[in-house]
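**Student:** Sequence:
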Amino acid sequence: MSKLSLLDVAFFIAESQASPKHVGGLMICKRPSGSRAGFAEALYREFLTFTDVQPPFNRIIEFSLTSLPSWRESESVELAEHVHYHRLRRGHNGRPELYRLVSDLHQPMLDRSRPLWELHLIDGLSEGRFALYLKMHHACADGVTMMRWAAESLSRDAGDLQLRPLWSIPHLAGALGGKRLHERIALSLLDSLAGVGRSITGVARLAAMLFLESVKLTKNAISLPFVADGNTPLTGQVTAGRQFATTSVAMQRVNLIRERTRSTLNHVALTCIDGALHRYLGDQGVELQRPITIQMPVNLRKDGELGSGNKIGIIQVELSTPTDDPYVRLRNIGFSLRNVRTMIDSVAPEAIVSYTLITGVVGQLAEMLGLSNSLPPTGNTLVSNVPGPREYLYIKGARLDELHPISTLPAGNLLNITLFSYAGQLYFGLVASDELPHLDRLSGYVGDAFTELEQSVLDAHRPAVGRSRAGAS
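Residue numbering for the sequence shown follows our numbering, beginning at 652 and increasing consecutively.
These are computed hints drawn from the structure, not numbers from a lab. Note that the Cβ used here is the ideal one computed from N, Cα and C, for glycine as well. Possibly wrong hints are sitting among the right ones.
Said to hold, decoys possible - Straight-line C-alpha distance at most 20 Å; calculated EDC-like pairs for lysine to aspartate or glutamate:
#1 Lys1047 - Glu726
#2 Lys681 - Glu697
#3 Lys1047 - Glu697
Unchecked claim - Okay, the calculated beta carbon distance ranges per label pair:
#4 Arg1113 - Ser656: 20 to 28 Å
#5 Asp755 - Gly1095: 21 to 29 Å
#6 Asp975 - Asp755: 37 to 45 Å
#7 Thr993 - Ala1111: 40 to 48 Å
#8 Leu1016 - Gly689: 48 to 56 Å
Sequences and hints are given; from them, build the entire structure.
**Tutor:** Here it is as structure tokens:
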């Protein structure tokens, strides 16, 4: 038996048919050169032969009236209940049809009587491609962990034809360092006691920071929760039905902006998202007078720390004051994120987790009582960043060309945006309630905002001689 953390338990408490709490990923693959049309279907049949299911893919959630929920390892796992095959019809096998199918697959809750994961192989895509859609309950793993497990099951060598399904690999082996049981219990108890002390101290420090921010004695130490503008189509009561859209930008272009402006990937990406959201809201007749506030997950794991479950916090971050200048927007967001980073580094991770649970409970109560349409949201949307492999990965010689993240909707938010960097591309995965209009238009605006930022940075850093000559002509 393995106990869940309070944060993991929170994902079960917050879950409903209208708002399931699983995360997913869409992997689009190209069949190997010279392979037959039945390659993907044969791959699916081979998947079903790997019946030795390893933790955490064999774990079932158990609830108790006297203690926190816990994981129990199942004696057997029926793979046919977890691994599924789909085939798109010719003429209806393009990207819109693929995204519609994935949106439909992403909506239903996972069956709690079984291990909480599914893999769907989608065959028949145009241009000799097929896709893998993986979904897993957020209590089992955060996005960083799930993508690490997926990468461990793939190969970096196109010539490696060995199949290693992610459920057949012992991902958690050695996480406890081979210590004996009594040593593990003692270390866990000591760490828990120490964590309580760090949490109390850290929460007090956070409360002081929020107070100073609320009385305007500091700026952007951390954005206050529940002050975001709720009069936008981005927030409200989450309902059933999902839609999915993506866009991507070459990392080479992102890195050029980073180098010339001394910015991070998050600075650049959030600048594009901020610009796109303001343009999108303008289409809907909404002109904000204050900055957009996002909820931003932060990874609290130490370097090299493995394991399942979640070790993240979620904080609120103000983006830029409304402006038409992409370069100014980048500078504003950079200032905000640097201050937030300083704040995070100044308190214990336990305090960030406690803060996440407190704000999450308030937002969740509003959603459970049906009040999300009338109460202020925690933030306008949630944006997260999951780093991925820099080189292409392969499955039985088939190259994984694209990897799109698909997350869950937090309470009161009708949109979630996840970034994923893979093989020289930065992918923006947008998942939204069906009630959010024109999601595909918003994804296009992200790409437009990047082009505008890129041009603005190039103009600002053009040599003075070049600018004077251009003016003289």
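**Student:** Now tell me if each hint is right for this structure.
**Tutor:** Here is what the structure says about each hint:
Restraint check for Lys1047 and Glu726: not satisfied, since their Cα atoms lie roughly 29 Å apart, outside the 20 Å limit. Distance restraint check for Lys681 and Glu697: the Cα-Cα separation of roughly 18 Å lies within the 20 Å cut-off, and the hinted pair is therefore satisfied. Taking the CA atoms of Lys1047 and Glu697, the gap is about 11 Å. The hint holds against a cut of 20 Å. Range check, Arg1113 to Ser656: Cβ separation about 51 Å, and the 20 to 28 Å hint is violated.
The hint said 21 to 29 Å for the Cβ distance between Asp755 and Gly1095, and at roughly 22 Å that hint holds. Take Asp975 and Asp755: their Cβ atoms lie about 38 Å apart, and the range 37 to 45 Å holds. With their beta carbons about 26 Å apart, Thr993 and Ala1111 fall outside the hinted range of 40 to 48 Å. Distance hint for Leu1016 and Gly689: a CB-CB separation of about 52 Å, consistent with the stated range 48 to 56 Å.
The structure shown violates the earlier hints numbered 1, 4, 7.
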